[in-house]
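Combine the two chains into a complex, taking the hints into account.
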Amino acid sequence: MTQQTVTAQVTPHMDVSWRARLRRFTTPAFFTGPAFVLVFLFFFLPVILTILISLTDMSVATISDIKFVGLKNYIRIWRSRTTWKILRNTFIYVGFTLTFFNVGLALVLALITTHIPDRWGTAFRTFWLLPRITPSVIYAIMWTWFTADAPYGIVNQFLQIFGVEPRNWMSAQPWLVVIAANGFVGASFGMIIFTSAIRSIPVDFLRAALVDGASTWQRIRYVILPMIRWPILFVVSYQTLSLLASFEYILLLTDGGPGFYTTEVWSLHAYHRALSNYFGNVQFGYGAALAAILVVIGVIASVIYLRVFRFNEMVAEPKIEVI
Amino acid sequence: MTEHAGSRWIQVFLIILVALLCVPLVVMYIWLLEAAFAKQTYGIVPSGFTLSNWRFLWEGFKNMPSIWRITFNTLVFAAIVTVAEVFFASLTGYALSRMKFPGRRIFLSFTLVLHAFPAVTLLIAIFYVLLVMGLYDTLLGVILVKAALELPLGVWIMKGFFDGISWDMEMSALVDGCSRFRAWWEVLIPNIRPGIAALSIFSFLSGWSEFLLPYIFTSSFENFTLSVMLRRLIGDFRFVDYGLLTAAGLYYMLPVLIFFIFTQEYLLNIYAGGTKGTQI
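First to last, the protein sequences are chains A and B. Following this note's numbering from start to finish, the first sequence increments by one per residue and tops out at 445. Following this note's numbering from start to finish, the second sequence increments by one per residue and tops out at 933.
Excised from the complex, chain B in its bound form (with noise of 0.2 Å):
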């Protein structure tokens, strides 16, 4: 819609009435920007700057690994969750898109129900998957679940991504006996660039900010990510130590932000395609 209603007092009072509306957010994030380097915050004014909040860069934890450890960990299992689950998406979406075969009705089906189902209430029954593969309380194994819940989504955006590419490049490569797997690797891939940059974006955001899965399905210290020790930061430090949890926060958000304002464009493009369904 490109017609802007009413007079420009309108508009005025209507961008007036919006921000009023991102206040509590906006006084938030301010905050955890500000309380990170403050001795002390009262509301949202703070008093006495300090670096001493970040000490835990230096000098970690008190009974937990020590925070590279934790920052790796977090690090691993968000890389390795986004390469499998563009690399599988994309073959699958790829397949979605282009092949007829055997059940490929069921699975597109299957797929799209899965987009609407709360995995979450199968946490239960993929705790006791876990237990049974030896893979509970391992990092791989939560990989590979955080994997696979994100996967009906990615499949679903890259065979919107794949439909949109027009059939003519990869017919000719196939007619010229070209394998269909390097149609797909040296034709397709590198037409569908902003989909996979948008998807590994999206993946990576979210298994870097992942809490659920790693907090129940792994126990033991080594498998740490940054959500677990925040989580239990709040546990030890409830209304005590505001500069020591933001500060850790703002560690932890640290590429979160970065993330988020560089890639803006494709993060509403992502919401908006994979949530609707729809091509991006």
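Pulled out of the complex, with its shape left as it was, chain A reads as follows (with noise of 0.2 Å):
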């Protein structure tokens, strides 16, 4: 900081020509352009285009001649009763998924591995990225074989010995399946980033506590707990828009199945309808508006994140400019 703050005054040429001038603007177009060019055509056009795709009734049909319907689709979604069942899906989905393991198992797992002897801890946090890392078409295959028929799948092996009639857990408890699954790679997000947050208290507190007599427990519950408030409110926030959007996992293991869209949620619906030739026709007009309603959750969301955490303080001026 201070040694930007030190030649600040080195601004030089203040005659300078117009091409030194013309080169202010083009140094950085050119650093940024190539990135800038990505963003803009599938980040930014894609948000203006899903919105407006969404007002067309564009579909495998229609492709040459693409009438705009207005609210028609979003009229549609509202009417149909498939609809309520997938809100509610979402819901489940996000809901459990979140408390039980995006922040609850990444709560734990990070309260855990920062209480027992580093070595150890480190190890138990690098072995939860696995999962993220690992390909999610092999964790699909996994979670397949791990909850399938007897006498192949690992469930039924374990619940055997309790006298549980082997089944194929798939689609017994989808939810359940679903749930599992996605918690386990969500779960270390919030595991690192509580890790930190929970490192970053100063040990004093930590030893004054220790020094009143409380007990671990205790010691979690007054201590580490209240000053970790707000990392908490960051993964919940952030987790949430994740899953809302999310549905790779889904695709791979239930595909919204078994039965009738016993597990779909909102963004697998809007890639069906769009994307899949699984419901005859590809409507890109339904799906768009499906998705457009996610895309405005989202933006409005990010937006609200970037005010309420401070990201602003991060965007902060270069404190120096040579030209």
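Rather than coming from a laboratory, the hints here were simulated on the basis of the structure. Where hints are given, some of them may not hold.
Unchecked claim - Ranges between beta-carbon positions, derived for each pair:
{"id": "1", "chain 1": "B", "residue 1": "Gly817", "chain 2": "A", "residue 2": "Lys207", "range": "49 to 55 Å"}
{"id": "2", "chain 1": "B", "residue 1": "Glu875", "chain 2": "A", "residue 2": "Ile197", "range": "41 to 47 Å"}
{"id": "3", "chain 1": "B", "residue 1": "Ser705", "chain 2": "A", "residue 2": "Phe284", "range": "49 to 55 Å"}
{"id": "4", "chain 1": "B", "residue 1": "Phe702", "chain 2": "A", "residue 2": "Gly379", "range": "32 to 38 Å"}
{"id": "5", "chain 1": "B", "residue 1": "Leu704", "chain 2": "A", "residue 2": "Val430", "range": "53 to 59 Å"}
{"id": "6", "chain 1": "A", "residue 1": "Phe284", "chain 2": "B", "residue 2": "Val665", "range": "24 to 30 Å"}
{"id": "7", "chain 1": "B", "residue 1": "Ser705", "chain 2": "A", "residue 2": "Arg198", "range": "49 to 55 Å"}
{"id": "8", "chain 1": "A", "residue 1": "Gly379", "chain 2": "B", "residue 2": "Gly787", "range": "34 to 40 Å"}
{"id": "9", "chain 1": "A", "residue 1": "Met349", "chain 2": "B", "residue 2": "Cys675", "range": "24 to 30 Å"}
{"id": "10", "chain 1": "A", "residue 1": "Trp200", "chain 2": "B", "residue 2": "Val679", "range": "45 to 51 Å"}
{"id": "11", "chain 1": "A", "residue 1": "Trp200", "chain 2": "B", "residue 2": "Asn716", "range": "40 to 46 Å"}
{"id": "12", "chain 1": "B", "residue 1": "Ser660", "chain 2": "A", "residue 2": "Lys207", "range": "39 to 45 Å"}
What the hints assert, rightly or not - Just a few of them, taken from the derived set where beta-carbon distance is under 7 Å, the chain A residues facing chain B:
{"id": "13", "residue": "Pro150"}
{"id": "14", "residue": "Thr172"}
{"id": "15", "residue": "Ile283"}
{"id": "16", "residue": "Gly285"}
{"id": "17", "residue": "Ala367"}
{"id": "18", "residue": "Val418"}
{"id": "19", "residue": "Ile422"}
{"id": "20", "residue": "Leu428"}
Quick reminder that beta carbons are idealized off the backbone N, C-alpha and C, glycines included.
Shown next as structure tokens:
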């Protein structure tokens, strides 16, 4: 910081030629250009396009003759009976995964691994990153086997000890499997954030609690948890949004089934309608309307996060500028 | 936090507790490793050693392009995504860290918003963009999309690294009349090698594992990647040939495992740094 302010006066040559002045624009344009083009093409434009397409009747049948239909797609979503089922599914999926895994399990892992010798703690934390970097297709294969019919699946072998009738758990309890499979991946995000938050608590606070004779549990409950409120809120909001939009693992595990829309969530439904041949004709307009609702939620939520979590402070101007 | 709580027994108890939480995952990975070499596995108990699960390496799969072609595609995909992302991200990260220019603030907040914004919601519109650009069902198209979707994170990470480097070195180069680009290439880049290494590993793994984008944005055989191939295998072999599935899965996962074993500390750092938007 200090060295930056010192050099701040160096800004030389006030009487620069037009060439130098031009370079003030061309140099940054050169550096940021490629990224800007890509972000424009595949982020900015798609946001607008999603909304535009959602106002049309675009489908495979109408692709050569697209008509604007106003809010018709949205009205259809509102009137459709499956919408409510899908809405309910989405709440189940986001709510349970978030509570029990992305925050719950994450917190448990962070607390335990910071309360045991560091070597062990790091080893366990690293292990929990493994599902995150495992390619999703392989992860899905592992879960398929894990929950498979007897005599293959391990869950059945284990439960047989307790006299539970063997079954295919993916079809018998699809929600349990979908939530657990997503949660085992999702937990590592919160785990990392919580761990660094717990680590940054001043040791004095913890010592003080120790001197006062607090038990480990009391220390966690009255010192650590209140002090990591903010990171918890961050993880909750950040993960709500990403869960709301994610469907990759569900697609691979149950593809919305078994049966009629049993585990079909909002984003998967948008994908199915617009991009998968499953439902006869590919309805871009209808799918885009479903997606547009998520896009709008996404834009609003991420702007709010930007404000709430003081991202602004990180956006500060550079302290020095040399031409 | 360095203080360890409670007695030795509590610590042992905690270690056992967290180990128990790991059991389901451990069991899955053990199964993946052993089932690939077993004739049959019942639960986690293998019966009979065999290499015939790996016959796809010389025979290939039915109704699919050769495994080497698919591997090559996946490698090209991951490699180009990595090069593009690291190159563009370090250019942009440098500009955002060091230059004052109109629109900088907006650009920076925009990349930050995108950080939280779930890009999967845009797949339908991206499909349309690719269609119009004539890039649907091409590897190039998928590569561009993947690189674009990863860029906000990459830019942010690289900016963090550039922020951490003192101005002085670069100043002297610039005062000596060095161009901005040369200063970036010759002075700064060598100084952020750890950052480049970390981001490269991260984006290579992420490119190698990518499933949704090639699955949705390509359709023909010559563009198959390993993830798309495996997805088809699951469809074809469901509940039948776990030996073949695990062998193919293990083959696909090999580079990931190698990276995981040798670059763990990088990974922990990049997830911590990348997700929180702070420096590594």
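The hints, checked one at a time:
1. B:Gly817 to A:Lys207: 49 to 55 Å: At 50 Å between Cβs, range holds.
2. B:Glu875 to A:Ile197: 41 to 47 Å: About 42 Å separates the Cβ atoms of Glu875 of chain B and Ile197 of chain A, which means 41 to 47 Å holds.
3. B:Ser705 to A:Phe284: 49 to 55 Å: 36 Å, violated
4. B:Phe702 to A:Gly379: 32 to 38 Å: This hint holds: roughly 36 Å between Cβ atoms.
5. B:Leu704 to A:Val430: 53 to 59 Å: 56 Å, holds
6. A:Phe284 to B:Val665: 24 to 30 Å: 27 Å, holds
7. B:Ser705 to A:Arg198: 49 to 55 Å: 52 Å, holds
8. A:Gly379 to B:Gly787: 34 to 40 Å: 35 Å, holds
9. A:Met349 to B:Cys675: 24 to 30 Å: Between Met349 of chain A and Cys675 of chain B, where Cβ atoms are some 27 Å apart, the hint holds.
10. A:Trp200 to B:Val679: 45 to 51 Å: 47 Å, holds
11. A:Trp200 to B:Asn716: 40 to 46 Å: 43 Å, holds
12. B:Ser660 to A:Lys207: 39 to 45 Å: Between Ser660 of chain B and Lys207 of chain A, where Cβ atoms are some 52 Å apart, the hint is violated.
13. Pro150: 4 Å, holds
14. Thr172: 4 Å, holds
15. Ile283: Since chain B brings no Cβ nearer than about 11 Å to Ile283 of chain A, farther than 7 Å, the hint is violated.
16. Gly285: 16 Å, violated
17. Ala367: 3 Å, holds
18. Val418: 9 Å, violated
19. Ile422: 10 Å, violated
20. Leu428: 6 Å, holds
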